[in-house]
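Asker: Quick mapping for you: the protein sequence lines, in order, are chains A and B. Numbers in the working numbering are just positions in the first sequence, counted from 1, shifted up by 1086. Numbers in the working numbering are just positions in the second sequence, counted from 1, shifted up by 19.
Keep in mind that a hint or two might mislead.
Claimed, not checked - Estimated spans, in silico, between C-beta atoms of each pair: (1) A:1163 <-> B:251: 49 to 57 Å; (2) B:313 <-> A:1472: 44 to 52 Å; (3) A:1419 <-> B:316: 50 to 58 Å; (4) A:1476 <-> B:96: 55 to 63 Å; (5) B:316 <-> A:1185: 36 to 44 Å; (6) B:318 <-> A:1316: 53 to 61 Å; (7) A:1175 <-> B:357: 21 to 29 Å.
The hints are simulated quantities; they were obtained by calculation from the structure and are not laboratory data. Yeah, the Cβ is synthetic: ideal placement off N, Cα and C, and Gly gets one too.
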Amino acid sequence: MENHLVEKKEKKPFSRNRLVIGLVLVGTGLLILLLFGLNVKTGQLASYELTPRGDTNVIPIPRLTLPVQPSIYLLALIAIFLGAWQLARGIRSTGALVGVVAFCFVASFLIWATAGSSMDLVGMLNTSVVRSTPIALAAMCGVISERSAVINIGLEGIMLTGAMAAVASATLTHNLYIGLLVAILTGAILGAIHAVLVIRFKVDQIVSGTAINIIGAGLTNFLDARFLETNIDKLNNSGVFPNITIPLLVKIPILGPVLFENNLIFYLTILLVVVLYVVLFYTPWGLRTRAVGEHPKAADTLGVNVFLTRYVNVIIGGMLAGIGGAYFTIGSVGRFDRLMTNGKGFIGLAAMIFGKWNPVGAYAASLIFGFADSLQVKMQILSIPIPSEFLQMAPYIVTMIVLAGVVGRAHPPAADGAPYNKE
Amino acid sequence: MDRNTTEMQGVQTPNPKQASKSGNRRGAGGKVFQTLFIPVLSIFTGLVFGAIVIVATDTTVITAYGNFFHAPGVALRDTWNVIALAYGSLFNGAFGNPAAIVQAFQVYFATGDQKALLTAIYPFTESLATITPYILAGLAVAVGFKCGLFNIGAEGQFGIGALCSAFVGYSIKGLPWFIHLPLALLAGALGGAIWGAIPGYLKAVTGAHEVVNTIMMNYISFLLGDWLLNGPMKAPGYRPLTPVIQDSAMLPRFFPPPLRFNWGFILALAMAVLVYWFLFKTTMGMEIRAVGANPDGARYAGMNIVRNFVLAMTLSGALAGLAGATQVLGIDHWVGQNYSSGYGFDSIAIALLGQSHPFGVVLAAGLWGFLRSGATNMQSMAGVPLDVISIIQGLVVIFVAAPAVIRWIYRIRLARSEAIVLTRGWGK
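The whole structure should be built from the sequences, with the hints applied where relevant.
Answerer: This is the structure:
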């Protein structure tokens, strides 16, 4: 294979990394073939609804029907081909490569799952996008505080407390907006506690975050047992934010019903992602934040108030996590259940790492996790021979795989995790 | 947490005011005093905060304070009653009723009748039985801390260990107890070890932070347990639980039922001694501690960081798995859903409170076992939800991890300010 053509170009060193990735990709292709390709009968069709049923807003487009076996074989072939290419020649952008093969795997899984029946693809995409909201908000909280070098893993505690505060106040006042504001306030308070512990008292940041998680879970369980369980009508029945349809954009096929028919918290999240991105990279305050995160000493000598910046960032992060918590109750089911966040805070942290501490990247990553989350919901409807518990593991396993693959190459802000000592 | 780091920091940032005040009075006694004083004060403060939470959410007290200006005495009396009832039932649940115990002993020595005695010491033995898994789980997290790793996965490792040992316990029949019991314990430890080794390996090779990975493994273990309990490992019947284990796999108990105090407690204490010996008297243990104190220095000295991370996490997981095993084999004899609930975060608090030292962990686990054991009684007698213990726990974690907070609350001036850095950032 190595001939004069290769000698002219820069010879890629045959690194162990290339070998591992190449083998993994080829292996994935073979896996697709074995797991999915051989388990379907010839001639089966899978059809995907691309227009939500009964939705009059959108321009209807016909359903997509795919022949199952050829499609799976094709996807397997693509994966194997790319893997072989990687082994032989090496491809520069391994991230994109892995992404493409991952897409092949997921797509072939979906096709295998819908063999012989139909699936509401648009509905599933909508669920993914909506369910990624709390993960995205947790990721935003992580981004904003870690950009100023404060690790905040107390997201579960903040989100749980925010969720309870939101539903209780919304039910009491019959006003969802007040619920949202109370959740933001609660998040700010917990963020402030974390900030004080970490900045003023120099508690280890991971320990402080874990303590907030413990207290958040304990406090919400306690208050739920004391008050909410016995006063459901007065404290735990708030209703949810209604879906708001954006008139013209919703007509776009596929994207329209997925993105533009959701509730306030969803739109708020998108707005916050954009705002955070602009503020972090295009404003002086964002520059100061990032300076404090990379080299607080240098920032300090230039007159930036390191402590104040960190306080502000962590408190704003807490507010974002509070909104994330509000999603669970007033943005989703309208009541509080114990420990309802179920690990979304930590998945948000993984999304933040996957997105390389960039708001837009973190949002894209949370979409992936949201998709994994919605997958297990949809898959339980289609009766496939995988037990539902294993499907529910999907988001967590995806998180671990992502972390394993990405962390080494993703660089956190340089001063992340270390308390600042003003000498 | 680490003495060396503290002293080094003290040298680097000399503080003339404090050095002259406290430096001269320091001696060997000062360190012991400080080591015990902060945890004790932390627990006390935590209990005080807990009392505030209990009182502030009690409807009787709230209505009484509504009438404060008309009848202040009622409000104060109600406050005191609520606290007394809550913490009184906590004490009774943990230790038993002292008067009843004394009386029962008198009866026993007079007539030889055991029944009253057994009833009287039941709460105390229940506490000891509760302490057993806490010692082991606390050791697990402590070993992790010694290597600079934050093992939040103790809950998942506990659950997997319980399932593995239960499986060996009920599926193998006809073995004598001196083979079956160690085998079941070993199975539990092995299951937990694997569950801990995976995040350890990922951390060592890819740098992925063990906090997130162990938490993910927790969720995976819960779901795996759910599937097993509803499927392959399900006992005949409706409820999702395993069959009862064979008699030959049960940890022997000291007293007749319903007392559940068993040899698991002795095993836990033995493991504490073993861990102490391993960490402080062997080369491997010293390497683990060196890597925890300063990974760069350790690497420079030629120690294999990867191997030490994996070793520490595997040991940690094995201990947590053993905790699950002793709980199954000694107390419940079967595994149900949410079996490991609560042990994860409890063990973190215990490890922190015990300053990651095996003997400290035993003391802290003792405290925690008594608290938890009494809390069940507090819930049934005083109507205070169990979760107040979680709140106290979280507060104690904060107070222990930041002695500065305790000092600030009580305006104490002890040694120079220590920043206890237990773990590093993401993927370093």
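Asker: For every hint, state whether the structure bears it out.
Answerer: Right, here's what the structure says about each hint:
| no. | hint | verdict |
| --- | --- | --- |
| 1 | A:1163 <-> B:251: 49 to 57 Å | 36 Å, violated |
| 2 | B:313 <-> A:1472: 44 to 52 Å | 46 Å, holds |
| 3 | A:1419 <-> B:316: 50 to 58 Å | 51 Å, holds |
| 4 | A:1476 <-> B:96: 55 to 63 Å | 57 Å, holds |
| 5 | B:316 <-> A:1185: 36 to 44 Å | 39 Å, holds |
| 6 | B:318 <-> A:1316: 53 to 61 Å | 57 Å, holds |
| 7 | A:1175 <-> B:357: 21 to 29 Å | 51 Å, violated |
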